[in-house]
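2 protein chains.
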Amino acid sequence: MSPSDHPRLFIPGPTEVSPAVLATMTRPMIGHRGKDFEALFARIGPKLQSVFRTHHPVLTATASATAIMEAAVRNTVRARCLCLVNGAFSDRWHQICVANGIAADRLDWDWGRAVRPGPVADRLKSGRYDAVTVVHNETSTGVTSPLAEIAEVVASQSDVLLLVDTVSSLGGSRVDVDAWRIDVCLAGSQKALALPPGLTFFSVSDRALERATTCERRGFAFDFVQYHEFWKKNVVPTTPAVSLLYATDFQLDRILAEGLEARMARHREMAETTRAWARARFELYAEEGFSSDTLTAIRNSRSIDVPSLNRELRKRGAEIGTGYGKIQAQTFRIAHMGDIQPAEIRQLLEWIDDIIGATGR
Amino acid sequence: MSPSDHPRLFIPGPTEVSPAVLATMTRPMIGHRGKDFEALFARIGPKLQSVFRTHHPVLTATASATAIMEAAVRNTVRARCLCLVNGAFSDRWHQICVANGIAADRLDWDWGRAVRPGPVADRLKSGRYDAVTVVHNETSTGVTSPLAEIAEVVASQSDVLLLVDTVSSLGGSRVDVDAWRIDVCLAGSQKALALPPGLTFFSVSDRALERATTCERRGFAFDFVQYHEFWKKNVVPTTPAVSLLYATDFQLDRILAEGLEARMARHREMAETTRAWARARFELYAEEGFSSDTLTAIRNSRSIDVPSLNRELRKRGAEIGTGYGKIQAQTFRIAHMGDIQPAEIRQLLEWIDDIIGATGR
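Residue numbers (our numbering), protein chains in the order written: chain G, 346 to 706; chain V, 346 to 706.
Here chain G stands alone, though its shape is the one from the complex (with noise of 0.2 Å):
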């Protein structure tokens, strides 16, 4: 495909890159255990450290989300795991569980609810678990969870680490690690920050790499004390995607130029622009007052055929995403994350509005 047929991605992800991040990509191959790479290193850490607004360790590992998903519950858990369920993703957390053997119970919501604080509080108080799974966005249903207040409760107990997926939040929604007392945050590079995907960030706190080091089975890949004790000497433990790296260093200066709380404002702008927009023709998903910021999953509730929905977004230049999961059939999903920009997401819906010959109620 040349890059002129390439349509617009309003995906979940990945989601746009720019090309002159992309063109970071082609500088030549460097070592990874040399001058050059410590100071490529280096450059990128402060950075990835003010995007999650914490001043412990942003690790980074060439990996999905997914492998360290699986890396911070073997890394943390030792008595019991409680997993916050409200969709696809914080569902595959006690998956994940399940499949390392590590002892789990869920706690579930229906899909396109959010995550609420009292049951949480009312289930730790059994005193079992010493480690809380919650996804901030559920990239599923586009339904954001009280992160603040869930991480208030999990904090008032002591000795319970909160592992947080902000995967498809951090970099357009809030998301503040040290504020919010987070001890595991992870975040894909291909959605909000719109990078390639292929990265995944992950702050961890001290008492994290303290419970760490008394996991006795929490592999060998993705050990955080590892991690963190080549992260202070600025390298990483095997061979990371270099060409990547480059990437990030380029997009991060770009993200922190814009600036967090303007960013946040233009995922918000988008996110009202679709949201308004899909109450007037279809019905959102998620529960009022708990939608995304970063991607709306609509119920397709004129039952268009969202397949050729997508033919014929592509002739103009654009593409959306199916539902997922369980709902793939009845819902849809408009991403409105990364570097998109208002305009584009107004010009995106006045194209499906001309397709599915829709103009509001």
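Please note: incorrect hints may appear among the correct ones.
Since the list can't tell identical chains apart, any single copy or any two copies may satisfy a pair.
DMTMM-like, lysine to aspartate or glutamate: derived pairs with alpha carbons at most 20 Å apart [said to hold, decoys possible]:
| no. | residue 1 | residue 2 |
| --- | --- | --- |
| 1 | LYS392 | ASP504 |
| 2 | LYS470 | ASP450 |
| 3 | LYS392 | ASP381 |
| 4 | LYS577 | GLU494 |
| 5 | LYS470 | ASP568 |
| 6 | LYS380 | GLU657 |
| 7 | LYS392 | ASP598 |
| 8 | LYS380 | ASP650 |
| 9 | LYS380 | GLU664 |
| 10 | LYS470 | GLU561 |
| 11 | LYS671 | GLU574 |
| 12 | LYS578 | ASP568 |
No lab work stands behind these hints: they were computed from the structure.
Predicted, not measured: the structure shown is a model, and the values here were computed from it.
Put chain V on the given structure of chain G with help from the hints.
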């Protein structure tokens, strides 16, 4: 660092990547759940099978080879693993078993020696083992072990799987997955395949897949069974590094256009040139008869200052490898792998002679 300052890399990975290959990574992003991705993946699959010389699936993970070494033992060892150890990376496989609570024994050779089939046969007679790990080409010592003979011994036992790290040999030295009945064969993108780092390719035999279904704690992120299910549909379980797959698609065409036999002959020629040069000035670290065709580890018998040599080489536009692991101080390494040409090796060796003031004995 500007491209013009770039030293040609004669280090054991990452190796030089052709500008034409790097340029493919500027292509716009595509969704990993769509037809464009399926077409890309479908093109890559058969080419990987040609390079691995197998009709079995060759799966692609966005992760370092270490992650797939870990996955290999988690997906296949039920009883006990025998780790054949003759250097840093084969030692790592044993460490990985320990870090995952997998029962494992080591069978050791001195560093610089090749693994021999005889002692392996003796140990397997106990009937305690259901998997054997071996590193084909020890990147730490420049030793290539006689894999065909070792594989023969393992294949003579029923129900013992052979897991092989060909990270720094595949694409440069002979690896014949089907003829040698290798159950899991893994290789990194950033060595003799001359791709950027970030991907690991691995073949999985039918009996390895069958074994995986019975390993309950094989994990989630690198579950071979799930990878294989997705592979059949030309997709991957989690978001892959799309840009690196563009590069892979293109570079595999270049590798197959050169031809595997011609590529191996080129590596052998570069190795022979380097070994002859090293024997006349230093000593080879590898025992005679088992020297690697992709990199040469040289005993620093003249006590040259390797960092200072590298500083001088960089002025001329080249960089060689230091020693690795416990022999770091006693050795240095010259990699002659990937797309490097014999004339470049000859030029490099002339430069080194010029710098250290040596002209052979």
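Results for each hint:
no., hint, in the structure
1, LYS392 to ASP504, "neither (29 Å within a copy, 51 Å between copies)"
2, LYS470 to ASP450, "within (14 Å within a copy, 44 Å between copies)"
3, LYS392 to ASP381, "within (18 Å within a copy, 33 Å between copies)"
4, LYS577 to GLU494, "neither (32 Å within a copy, 43 Å between copies)"
5, LYS470 to ASP568, "neither (30 Å within a copy, 34 Å between copies)"
6, LYS380 to GLU657, "between (50 Å within a copy, 15 Å between copies)"
7, LYS392 to ASP598, "within (8 Å within a copy, 38 Å between copies)"
8, LYS380 to ASP650, "between (54 Å within a copy, 17 Å between copies)"
9, LYS380 to GLU664, "between (42 Å within a copy, 12 Å between copies)"
10, LYS470 to GLU561, "neither (27 Å within a copy, 31 Å between copies)"
11, LYS671 to GLU574, "between (41 Å within a copy, 18 Å between copies)"
12, LYS578 to ASP568, "within (16 Å within a copy, 32 Å between copies)"
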